Amino acid sequence: MSSDRLRRISWWDVAIIAITLVVLLVAAGAVDNFGSSRNFGFLVLDLLPIALIALPMTFVVITGEIDLSVASTLGLTSAVLGSLWNQGLPMETIVPLCVLLGAVLGAVNGLFVTVFKLPSLAVTIGTLALFRGLAFVVLGDSAVADFPAAFTSWVTGGVGGGPIPNALVLLVVLAAVAGLVLHATPVGRAVFATGANEQAARFSGIRVDKLKFWLFVSSGAVAGLAGVLWTLRYSSARADNGVGLELAVVAAVLLGGVSIFGGKGALPGVLAGVVLLATLQNALRLEDVTNESLNIVTGVLLIVSVLLPNLGRSLRATLRRRRLRAARHT
Amino acid sequence: MARPDGVPLLEVSDVTKSFGAVAAVRGVSFPLHAGEAHALVGENGAGKSTIVKMLAGVHRPDRGALLVDGDPVAFGSPGEAKAAGIAVIYQEPTLFPDLSVAENIAMGRHPVGRFGMVDRAAVRREAAALFERLGVRIDPARPARGLSIADQQIVEIAKALAGRARVLVMDEPTAALTGVEVERLFAVVRALCADGAAVLFISHRFEEITALCQRVTIMRDGAHVSTDPVAGLTVPEMVRRMVGRELDALFPKQDVDPGEVVLRVAGLSRAGAFAEVTFDVRAGEIVALAGLVGSGRSEVVQAVFGVDKRDSGSVHVNGKAVRPASPRAAMAAGMALVPEDRRQQGLVMDLSIQRNATLPRSGALAGLGFLFGGAERREARRWTERLQTKYGDLGDPVGTLSGGNQQKVVLAKWLATEPAVLIVDEPTRGIDVGTKAEVHRLMSELAADGVAVVMVSSELPEVLGMADRVLVMREGRVVAELARAEATEESVMFAAMGQGAVA
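Protein chains in written order, with the working numbering: chain U, 1 to 330; chain F, 1001 to 1503.
In short, the hints are calculated from the structure, not lab data.
Be careful, since some hints might not be right.
Quick list of simulated restraints, FRET-style, between CB atoms [as the list claims (entries may be wrong)]:
(1) U/Leu315 with F/Pro1143: 43 to 51 angstroms
(2) U/Phe261 with F/Val1112: 36 to 44 angstroms
(3) U/Gly299 with F/Met1107: 56 to 64 angstroms
(4) U/Asp209 with F/Gly1319: 40 to 48 angstroms
(5) F/Ser1018 with U/Leu174: 49 to 57 angstroms
(6) U/Val177 with F/His1316: 55 to 63 angstroms
(7) U/Leu307 with F/Met1107: 28 to 36 angstroms
(8) U/Leu307 with F/Gly1135: 53 to 61 angstroms
(9) U/Phe261 with F/Gly1135: 35 to 43 angstroms
(10) F/Met1117 with U/Gly126: 31 to 39 angstroms
(11) F/Ala1266 with U/Pro90: 37 to 45 angstroms
(12) F/Ala1271 with U/Leu174: 14 to 22 angstroms
(13) U/Val304 with F/Met1107: 51 to 59 angstroms
(14) U/Gly126 with F/Lys1309: 23 to 31 angstroms
Predicted model, so just to flag it, every value in this text is computed and none were measured.
Backbone N, C-alpha and C define an ideal beta-carbon position, used for all residues, glycine too.
The shape of chain F in the complex, shown without the other chains (with noise of 0.2 angstroms):
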């Protein structure tokens, strides 16, 4: 189906996108022809998400250029994409629940009849039209509220086709369907493509790709690996040029002989995150939650802490049994929680490094019941220097500073309850080399001073370098456990995709 004169629908020229000093995507180019689903794979932090968001509108590359037809093309908002054809389907789609399924795919192009009334017929008959080319059955009047995600992200298809786009953009469409719902997603992806559409298709599962896609595209670190035919491509090869680094020796880890166990998670359930979560961490040790975004390594994280509920299982401390659904249990049995999203959860950026860094400790901190500001203000001292926090004065809005130091009164903030379980959620995204390196020496001197540590990480090179055991997350099960020894990026990758253990 792809044009004879072998001009691309759609072609990503070369295409660079830095925010701040980080470049997310550096010089990615692969066509995307008409007939063809082509397939976007790449680690978290590859890049992928950038891509989409440039094809979308959202972000504008510095360098490079979109072509559609071969003609280049600048979009100023998403609006423009849509009009360019290009429409994006996402995760978790966007309906307006109360109105009709028809409604909803009509919307902002509505048809207008005698008297600039909307022609409710002409609405309906054209969504029962959308639905019968895709060959599925919607009833077009029905509410969208309590549509499946999988009827949604049809929905959402025949809206974009009822807008006439060719160049469908469907980013991790299946991360939330089940097996059959799949595979009438692929066999609408397919009628698509058989009508001469091009479909970039974003998906963590192998076997997704291979059973749908003519041409992947694979990224590492923001930079374009390798465009090939799905057909002549190995499952094993894909994973390796996905993961396919050196470890430096950026990690210092120092050996500990582990102690008792400290902390002990059993059976730990939330319907909808995860379940059935168990596992011991003892003194010393550094035991960390790898797995895919999503995979429900954060939830765990957070439910053992008491931030979020839980719906069974239970959490020990030193053999101490922590009530569920209160930081305050978690703080009082040892445990420490640094959070994934240091802006949202780690701190209230409006308030000054000296406030966010004994907010933990603001009662033991305070005399008689007040606070004057002088012994937050040592024990804000104390730890900001322990850790090399760079800041003009304490008072700042902790908001100035960078993300690194940012990270770091994070960082203080529970070190200085001195905890016995130090959980640590993506310690190092998005902070520099060299503090990177700060963290990973720290967690390192507190695993051998006795501290249980439980780390959270997308990056495997973080999480083989510094972790003695590794446990994998896939959707919410703990489905591998692989100590240091056995574990290398192929066997995690492998895990967290679900591909069986061994490469």
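The following block holds chain U by itself, in its conformation from the complex (with noise of 0.2 angstroms):
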């Protein structure tokens, strides 16, 4: 095995999956019906969204970009999706129409990025507001409830009706065809490359706008695919579904070790960074902690996980420093 391979398991990764374990098992041993296997499936269900937006986002960041509209879009196929049920439409019909639609959201923000070279961070955050206020424009306050029960019993059962929930399962296939493109096919090294040195990368050859338009287009999808999911499993299309769910996303991939100035990260760690997330979540929730204040468990999070990379290399920087000059006076 090549050391290359073994240096993409950083320390940060170790690090992370450990915290996640330990969480895991303190939470299995403190926290009352956390073990169980009801609760486990709704870890799974908690986490999905969140896990499937992670996939694409984990790319997105790596090139050195960010896509913030990703609940927004969410929550737009949400209502789409409500609004084409009651004007009839089939539900064969309306899911792979809700994953298009996504796409197509996920093209704009990559056309402004790409052809009109403006940041992903102000483009992503002007459509977070517009993708959401359409959503509004779409279904109002209202909700769409009484979906086909064939499809509500897929998102929350199990496979063959055991206990393996049938989203984890999705997941894992959606995670493992993502793994290896990010870290075994040309596109997950022009990935790499683009986001440590975008000039490098273009005289490398390697067509930068075009990757990226793509990497905008599949966060769309996958996000409105996690839109379609949501709906069928509260069985309820709402406009507002997922406010403030890309917080959770961008915590739980730079928590998983990926740089959020682009180059760096890994898939394995991105995962861990989810789990880790959603775990705390639903422990602190079953804890009887209020919705409200779980955004202080995601808020700091976030800001820890973009702190101690910089704690690090700074505090490593002043060593160096300091040797240097030990060495020169002597």
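These two chains come separately, so use the hints to put the complex back together.
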């Protein structure tokens, strides 16, 4: 095995996976009902949208961009799903349409970033507001609830009626695909090169704009899929579904060791970040902590995950300077 | 106007400055007298910019000193240099585009009126007075955005005067100016000298030096060659002193009978960068693009390779047109570009040697679309070993290698694509002599194998030693084509500086 591959698993990945395991064990021991198979199902369903959206978000952040519009894309697809169902379209048609809608919304972001060369932070803050606003135009304050049981129970149910949730299988398959693409294909190589030095990537023949465009499209498509799953899980299409979810996704990605400056990161770490975040939220909720207070946890984790690598780096730099100075004086 | 006691306003005294193991400036001394314009000339890399940065307070000399009015000074920051009365005007002025001209001039020392508010009337009055003194007409109230480069430079000069500067350092101020604008700038400089200021003027244009300056200091390879009154020097003598070096046997160019035309560039133009560039390169030939920094050579090769756009013109490889603005298309046609800036363009510093060396070929190396490291590792090892690259592990970040070994990785990365046309931009910049010779031998071997090689180089010995033909560029155009036999240091420099083809 090359040391290249060894190095890919950084101390941060190891730390985050270890912390996640510790939190899981502590929660199982100290929190009532945490270990129950019923709660395990809830945990999986809680982390499903975060985990799904985190997959393309990992690619996007490694190329040095960001997509903050994902939660609003989720909300808009949820609203459109409800509206189309009200108009009597069959579910079999609506679901692919919703994923396609997500892809189109992602393409809008991608166009602004790659053709008009606007910073993705600004573009996706704009579309965050725009898509959510459109969701309210589509569905207003009302909710659509009467979805066919075949679909809602597939999302909440287990494989063959067993204890393994269908959602988990879907997630594992998509995560495996994302991991392979990121770490073992030319596309993945291009993603890392682009994030670490976009100019050198272009000089190496990588079509940077094309790459980024399709990453935004996939980000939108997956957010659309997450919108479908969210709606079916709660059996409720609402314009405000998933408000604020983008923060949880970004927190999980950064917690998973992806550099906000691009060029660095790995998918296993991100998945650990998602599990850590969702476990903490789930356990705290079982302890009757309110949803509002849970935001504090997300916020703190987000800041810590950006702060720690930076602190580590400046600490190393300071030590190096001191060593150099000491060497010069002797 | 020199001081009666003959003490220069500013004296550079035996300064040395090294970056790593390379001495950029070695033991240079020259005086700047009040009332004089003093030219500083030398080839690219002779150390002029390092001198400017020391005067500006950006670098501190390792040895030697700067003397202001005969007293040694040590500038810890650009602010201290400014306080000592030294102002530097760069080629590209750095004004605040959205502030008014007067505000720009007052920036950092705004006159304050009652209640601590900025006294706008005083700001405008000061600017108007300065422009009057310089004899130029610029509206102090207009925003800096939209001013021509020439006017921006005049605003910078006014700003320097407002800060009581007595020594003005001008780093190639005329490079982007038209003839009329140059005349106006010179009138301003002459007015300053008459007022008792000292000016250090850096330019590649000899006619400007003879027209403006009283004294000239010539540098070569970081060392001081001479300081003399301009009146006593002829232009050919200045050129001889700038380039006068022995050509050593570092360049093992093999003789090759050139084959068919492989690369054909015709009428290539991009507004503001280069115009009507046409040349052919045959199989087995090394064609050098020579010229001064900023003459448009890198821009041309980057447009040929498709990293940059072009406005018009065509590129053919083996008779087939290459789609513009697409490095992919250029690579598919058999081109490779080893770019000028290794750190920004050539390599992704944080990625491993292996990833860098295989980046352009990751698609070709993938089996069934997947890369699990094996094919990449074999490929990277094959090419880095062929180039005798020294590294610890292929998984180490490429940024940990020395400059010479980094350059070998860039070469490996592109040689692995087995190009028919290899374009190298400053292939030996910043690498040690031994590696340099290896790179030269490699280029020679490739040419002997029938690769068409285009080499951009600012090092004349390299150009003369390696090239079968030399194309000299000046201000975005090819101004001379010299066969190997006609190319001498003098003939290339004369063409590059616009002094006619033959010394």
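**Request:** Provide an ascending list of the numbers of those earlier hints which the structure does not satisfy.
**Result:** 3, 4, 6, 9, 11, 12 and 13
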